[in-house]
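These are the residues of each chain, in order.
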Amino acid sequence: MHTLSLVWEDLWKITVASLILGAGLPALFAVGIRSLAYGTGGDAEEHGAGIAPAPHPIGRALAGLCFAIVLLVVGLGIVLIVASGFGQELSFDSIYPTIQDK
Amino acid sequence: MILVLVVVVALAFDFTNGFHDTANAMATSIATGALTPKVAVALAGALNLVGAFLSVEVALTVTNAVVKIQDSDGAPKPDLLSGGGSDLLIIVLAGLIGGIAWNLLTWLLGLPSSSSHALFGGLIGATLAGLGTSGVNWNGDGSKVDGVIGKVILPALASPVIAGLVAAVGTWLIYRITAGVAQRFTETGFRWGQIGSASLVSLAHGTNDAQKTMGVITLALIASGHWTDTENIPFWVKACCALAIASGTYLGGWRIIRTLGKGLVEIASPQGMAAEGASGAVILISSHLGFALSTTHVATGSILGSGIGKPGATVRWRVAVRMVAAWVITLPAAGLVGALTWYVADLLGGGLLGAVVITALLTAAAVAMWRHSRKEPVHPGNVNDEWEAPAAHQTTAA
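Which chain is which? The protein sequence lines are A and B, in order.
My numbering numbers the first residue of the first sequence as 1 and each following residue consecutively.
My numbering numbers the first residue of the second sequence as 1 and each following residue consecutively.
Worth double-checking, as some hints may not be accurate.
Sample of chain B residues with no beta-carbon within 12 angstroms of chain A, all distances over it, derived [claimed, not checked]:
#1 1
#2 33
#3 36
#4 38
#5 132
#6 313
Just some of the chain A residues that point at chain B, by a computed CB distance under 7 angstroms [claimed, not checked]:
#7 10
#8 11
#9 14
#10 17
#11 22
#12 25
#13 28
#14 30
#15 37
#16 43
#17 45
#18 58
#19 59
#20 60
#21 72
These are computed hints drawn from the structure, not numbers from a lab.
Only a predicted model underlies this, so the values are computations on that prediction, with no experimental measurement involved.
Just so it is clear, CB atoms sit at the ideal spot from N, CA and C, and this is done for glycine as well.
Whenever a hint applies, use it, and build me the whole structure from the sequences.
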């Protein structure tokens, strides 16, 4: 039964990390879509007949920010995987990520 | 000579691995129309090729998880090496044949099942037949996660549940957040998200799955004395495996794509993005933690989860139950084929003759199944047809 507890230790880590990245990033993307619709106005949002919502530039800016964060995190993820394949690792010691030997 | 057969059959396995798993990454994008079928398989094939080359981590000890034919540093067990390593080569060959036979059969039935389970099942069966129960690594030595139970069975039980949970939460959040946005606007937006997340899954598949075959081929090369370095894999092996898995992916297992994309859940692009996002995250995170999960189990769990998370969506549980049934029997069924082919080879002297005969048997079975598939072809043109509608297509999944 020792195996069960060992597997469990790994599994809950995977679950928590996957929830943050696997559900969180799509949710952030959804926030981006929502903001973009708010920013675009008109028929992008559901509205009553004849009263099309006005476009809001702030919505577009927020959408851009959301999409940028999603792309950045995915990009970092790919770099992390590739780097560990080549015996390197990603370090956040200097705030912005750098690649160094393991 | 037996070595040549092992290499060819291993590459054939890699090829079936590719077309069996195209669906994991691309089924949802094809079903929602985010990508046309042809573009989807081309993208998946290219990313698998890239992924396979990126996986430089040494996968030489891949068989150690389930059987004891190698030492912990990757060298084959010395007592299996008498006579040019033919004992070990026959076990590996029979194991690969078991894996391919099961992959082809499940493809014919349109069922997604784990290629790594098929490979491990075949190897376990051949080892049981060749070396007895002591040749199988059931549970490791208890100090770390290892063996058939720790590395194959428990992860298989857990991974669909985790992926399903993540996808359900993701889908629920997405629909909550985008409530009030016009449907046409969300569809277009999420298609881009879907393409991105599906590409990530393809890349992850290339890095994960191609290296299993690389490890098996290198093991065979070492056993027959053609390679001695246990730290590296010959470049031509890497290139051949990458090409085999990529061309298999490009061919596309349309039957399985149809089941995953249309059979389980009627999928919309926000669900597709949630499902692929969950799959990509679970696969990459778990393999980064050194805990390899089956891409197939994860992807299927995610798609189910995206059906559960969307308010009012229907999940075809009968299709899901059939898939789970296929997963449960993957290990024993591939094992049975692996064991039987080992006995056939052993009966014929356990040498070249045996190896040729079992490879010929596999080829005959493969041709028979391919011909059977021609009767009810599933191809890019009809892969998205309605699941329930015309009886002619319903039988493709039966």
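| field | Index of numbered hints that the structure contradicts, given in increasing order | value | 13, 18, 19, 20 and 21
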